[in-house]
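In order, the protein sequence lines correspond to chains A and B.
To convert, note that position 159 of the first sequence is 159 in my numbering; the numbers rise steadily by one, no gaps.
To convert, note that position 428 of the second sequence is 778 in my numbering; the numbers rise steadily by one, no gaps.
Hints may contain errors.
Quick partial rundown of chain A residues pointing at chain B, CB under 7 Å, derived from the structure [claimed, not checked]:
no. : residue
1   : Lys211
2   : Ala220
3   : Ala227
SDA-like mimics (lysine to any residue), calculated; alpha carbons at most 20 Å apart, straight line [to be verified]:
no. : chain 1 : residue 1 : chain 2 : residue 2
4   : B       : Lys718    : A       : Met208
5   : B       : Lys693    : A       : Gln225
6   : B       : Lys551    : B       : Asp515
7   : B       : Lys730    : A       : Glu210
8   : A       : Lys211    : B       : Gly720
9   : A       : Lys211    : B       : Thr719
10  : B       : Lys379    : B       : Glu356
11  : B       : Lys718    : A       : Leu204
12  : B       : Lys658    : A       : His226
13  : B       : Lys718    : A       : Glu210
14  : B       : Lys678    : A       : Glu229
15  : B       : Lys675    : A       : Glu229
16  : B       : Lys658    : A       : Leu134
17  : B       : Lys693    : A       : Val235
18  : B       : Lys693    : A       : His226
19  : B       : Lys693    : A       : Tyr223
20  : B       : Lys678    : A       : Arg237
21  : B       : Lys714    : A       : Glu210
22  : B       : Lys678    : A       : His226
23  : B       : Lys549    : B       : His437
24  : B       : Lys675    : A       : Arg237
25  : B       : Lys658    : A       : Gln225
26  : B       : Lys565    : B       : Asp739
27  : B       : Lys551    : B       : Gly781
28  : A       : Lys211    : B       : Pro715
29  : B       : Lys675    : A       : Val235
30  : B       : Lys678    : A       : Val235
31  : B       : Lys675    : A       : His226
32  : B       : Lys725    : A       : Glu210
33  : A       : Lys211    : B       : Tyr728
34  : B       : Lys675    : A       : Ala132
35  : B       : Lys658    : A       : Arg237
36  : B       : Lys658    : A       : Glu229
37  : B       : Lys725    : A       : Trp206
38  : A       : Lys211    : B       : Asp699
39  : B       : Lys658    : A       : Val235
40  : A       : Lys211    : B       : Lys714
No wet-lab data here; the hints were simulated from the structure.
We put the CB at the ideal spot given by N, CA and C, even for glycine.
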Amino acid sequence: MSVSKNWTVLAVPVISVLFGLLAGAIIMLVSGNDPAAGYAALWNGAFGDSFYTGETLRQMTPYVFAGLAVAFAFRTGLFNIGVEGQLLVGWLASVWVGLAFELPKFIHLPLAILAGAAAGAAWGFIPGFLKARLRVHEVIVTIMMNYTALHVTNYFIRDVISDGADATDPVHETASLQSEFLQSITDFSSLHNGIYLAVVAAILMWFMLEKTTLGYELRAVGYNQHASEYAGMSVNRNIILSMVISGAFAGIGGSMQGLGTFGNMFINSGFSGIGFDGIAVALLGGNTAIGVVLAALLFGALKVGSLNMPIESGVPNELVEIVIALIIFFVASSYMITWLLGRFKKKEAK
Amino acid sequence: MDYVIEMLGIRKEFNGFVANDNITLQLAKGEIHALLGENGAGKSTLMNVLFGLYQPEAGRIRVNGKDVHITDPNKANDLGIGMVHQHFMLVDTFTVTENIVLGNEPKKFGTVNMKKAEQKVRELSGQYGLSVDPTAKIADISVGMQQRVEILKTLYRGAEILIFDEPTAVLTPQEIKELIGIMRALIKEGKSIILITHKLKEIMEVCDRVTVIRKGKGIGTVDVSETNPNHLASLMVGRDVTFTTEKTEAAPAHNVLEVRGLSVNDSRGVPAVRNLNLDVRAGEIVGICGVDGNGQTELIEAITGLRKAAEGSIQLNGKDITGFKPRKVTEAGVGHIPQDRHKHGLVLDYPIGTNIVLQTYYQKPYSKTGIMNYKEVYKKAATLIKEFDVRTPSETTLARALSGGNQQKAIIGREVDRNPDLLIAAQPTRGLDVGAIEFIHRRLIEQRDSGKAVLLLSFELDEIMNVSDRIAVIYEGQIVANVDPKTTTEQELGLLMAGSKKGADERV
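Given only the sequences and the hints, what does the whole structure look like? Please build it.
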C-alpha cells in the first residue's frame, strides 16, 4: 500500500507540471504562436549553455530557502506567509554586517549569513509569539509583517546605512558569496556559492524534521496540539520555535541575494516575490526537502528561461507566468488528479 | 413477511480483502432490526453498500419487493432510505431549520422561504415527538439534540427506512432513554429502522430481530425474544464471552494518590470540582461514577497536569505533584488513558509505532542527544503490538488507519508498559466491542494485582460495578459517597449520582 501511495505523491506534482506545460502550449497555439519554438526557447534559455545553467541555479538558490521556510512551518502546522518579509530583513542584516565590519573571510562571511538568519528568525518570532500567547492567527500577522519589513528595510537603506542613496555600497569581499570558480565554469554567470548552502539547508531541514527529537515534537504539535500537550510537550514553545526556524531559513534566503546575487541591497518599490513564490515551491514540492529542491530548480528554470522566449521565438515571457499559475492550480486541485488516476486504474483493471 | 429491504448474498471486496462475504439482511416493515458485529466486522461496509456509496461485487438488493440498483446516495434517498450518521454532518453556525432543509430548501422568488421551512420542521418534530427548537444554532444545542436534527433531516427528505449508525456511542444514559422513545415513536408512524450497534443491552431492549456478522461473514438472523446477551455475544465474537470479570479480592496497601480539598475551574471559569477529597491505594481499582459533566473531566485533567487546580493538593506516593506540568506528572509515575483517544491519546497522522513513544521519545534508548533512534522505537512498538494484540498491518501504519479498539489497545499498551504507580483510565472501553472490553478489563485488573493503583472513570454502570473494588460517586464536583460494588445496586448508584444522599428515599 505504501508503495502505491508514494507513487501518487510523486505523480501529482509531475502530472501538474505536464498539464501546466500542455495548457501553456494550447494558449500559445490559440494566440498564434508556435509552442514548439516557444518551449525550445524556454529550454535553451534555462539550460542551453553553461551560462544559462548557471543563471538557473543562481535563481534557484533563494527559492530553495523560501520553499524550505514555508515547508518547515507547514510541516509543523503553521502557515508562514511572512517569508517575503523575513527574507527582506535577512537580506538587510547580511548586507549591513557585510559592510560594517572588516574581518577575515572565514569569520566575516559566516557572521553575515548568521545575521541574516537571526533577522529572519526575529521576524518569525513575533507572529510565533503572538500565536502562542494570544492565539492570534499567524497568517494575519505575517502578512502585516511583510509590509513592515518592506518599509523598514527601505528606511534603513535610505536613512541609516546610506545617506539618502537608492542602494547600499557593495559588501566587502570578505563577506561575499561570489565565486570566481563558479563564474569561470559557467561562462561568467552570476552563480555564487549560495547554491552549496541551499543543498546543505535542504539536508538540514530533512534531518531536523525526520531524525531529531525536536522534529518529532514539532510535527506532533503540528498534527495534534492536544495529544502533544497530553504527552508533556510544550505546545507554545514549539509554535514559537517553528516560526523562528522557518524565519531563519527565509532570512538566509535574503543573505543569498545580499551577499551573492546582488552583493548589496537597494530600495524595493515592491516585494521581491521570492517569498511568495516560496509558497508555490513548497506546495509543488509536497513540503519535503527533496521536493522543495526539485521544485525550486523548476521555478528557477522557468523564470530564467522565460527571458529568452521573446528573443528567440517571439513568445511573450509573461506566458511563463501563466504556466506557473496553471501548475500551481493543478497541484492545488490534486484531488482532481488523484481522482483521474483512480479512474484510469479502474479502467485498466477492467 | 413483508420486507421493505432485502440485501441478499452481498459480497464486497477491497483489493482482495473481503469486507462482506455473502451477507443477507432482511428488514421487515415496522421493525427495529439490529445489525450486530465487532469493530471491523463489516457493518459499515454493508450499510454503505445499501446507501449507494459502494457497489457490491455480488448479491441483490430489493426495496419493497423490487430489484434495485443503488448507484449513489441520492438514489438511496429517492428510495426512502435515510442514514443517521455516527459523526454528525451538520453546519455548526446554521440553525436547526437551515441544517434540515439544506440542499432541499422551500423557495420563494428565488430565496429560501425560512418561515415555511420552520413550519415544516415544527410539524415533523411534533409528529414524531422530537422536541427541538427550529431556530436554535447547532453550536448551542446538546449532542442529543444534534442527533435529533440528524433524524429530522432524514424524515424531511421523506425517509421510510432509517439507518442509525452507533447512535448511542455519543449519548448520556438519559439521552439514550430518550432516543429509544423516539425510535419507538418512529415505528408507530410506520417507519422501519436498522440499528447498527455492538451494545447488546440496547438490542435486547428495543430490537425485534438481529442480524449478526462476524469477520465479514453473515452469521444469521435471530429473533430477540428467543435469545439472550450471552448467546448474542458468542455469535458476534465466535467464542463464549464472560461479562462479569473474574477477579480475586483486592488487597489494598498504602495510599498512592491523595487528593485533598481540590477545587478546579472549567474552561469558562466556573468551579467544576469543589473541595474534593479522594484516595486511591496501591492494589485497588477505584471507580468514579457520576453523570457526565459533574467534574470528572476536570478532576482528571487536574491530576495529570493538563489543567490548573484552583485550590487544594494532589499527592502521589506522598510527594506533592500539585501544579506539575504533564511531563513532570508522567515522570512522577502516572499513566493516563485519556477519555478522547483521538483528541488526546494519539497523533493520528503518526505511525502507530511512533505513537508508542509519545511520552518517552526524549529518553534512551528512543533517542540520544536529541537524535531519534527510530529503529529502537519500532522495535519497542513491535513488542507492544504483539503483547497487547493490536491488529495492524505493521508498526509503520498510520494510527488513523486502525480501528478504534486497536487504537485503544495501543494506548493501553503504551501506558501500562511505562509501569506507572497510578494508572488513570478514563472511559477506556468507550465504543469498543465485547472482545476488546474483556481484554482491557483484564489488563486493568492485572495492573491492580501487580500492586498498582488504578483510577477508573466510566459512564457505564456495568463497567464501574464489574471492575472497581470501590466506587466513588461524584456529584457537582464532590465525592458524595464511597460504596462497595459488591453490596450496592444500580438503583442506589442512580440515586447517588442524581445527588440524593445515601439513605434518603426522596430524589432532590
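Hints, one by one, checked against the model:
no.	hint	result
1	Lys211	6 Å, holds
2	Ala220	5 Å, holds
3	Ala227	5 Å, holds
4	B:Lys718 - A:Met208	14 Å, holds
5	B:Lys693 - A:Gln225	9 Å, holds
6	B:Lys551 - B:Asp515	16 Å, holds
7	B:Lys730 - A:Glu210	19 Å, holds
8	A:Lys211 - B:Gly720	9 Å, holds
9	A:Lys211 - B:Thr719	11 Å, holds
10	B:Lys379 - B:Glu356	11 Å, holds
11	B:Lys718 - A:Leu204	18 Å, holds
12	B:Lys658 - A:His226	16 Å, holds
13	B:Lys718 - A:Glu210	14 Å, holds
14	B:Lys678 - A:Glu229	12 Å, holds
15	B:Lys675 - A:Glu229	9 Å, holds
16	B:Lys658 - A:Leu134	18 Å, holds
17	B:Lys693 - A:Val235	14 Å, holds
18	B:Lys693 - A:His226	6 Å, holds
19	B:Lys693 - A:Tyr223	11 Å, holds
20	B:Lys678 - A:Arg237	16 Å, holds
21	B:Lys714 - A:Glu210	18 Å, holds
22	B:Lys678 - A:His226	17 Å, holds
23	B:Lys549 - B:His437	18 Å, holds
24	B:Lys675 - A:Arg237	14 Å, holds
25	B:Lys658 - A:Gln225	18 Å, holds
26	B:Lys565 - B:Asp739	16 Å, holds
27	B:Lys551 - B:Gly781	14 Å, holds
28	A:Lys211 - B:Pro715	14 Å, holds
29	B:Lys675 - A:Val235	12 Å, holds
30	B:Lys678 - A:Val235	15 Å, holds
31	B:Lys675 - A:His226	14 Å, holds
32	B:Lys725 - A:Glu210	13 Å, holds
33	A:Lys211 - B:Tyr728	14 Å, holds
34	B:Lys675 - A:Ala132	17 Å, holds
35	B:Lys658 - A:Arg237	19 Å, holds
36	B:Lys658 - A:Glu229	14 Å, holds
37	B:Lys725 - A:Trp206	18 Å, holds
38	A:Lys211 - B:Asp699	17 Å, holds
39	B:Lys658 - A:Val235	16 Å, holds
40	A:Lys211 - B:Lys714	15 Å, holds
In summary, this structure violates none of the numbered hints.
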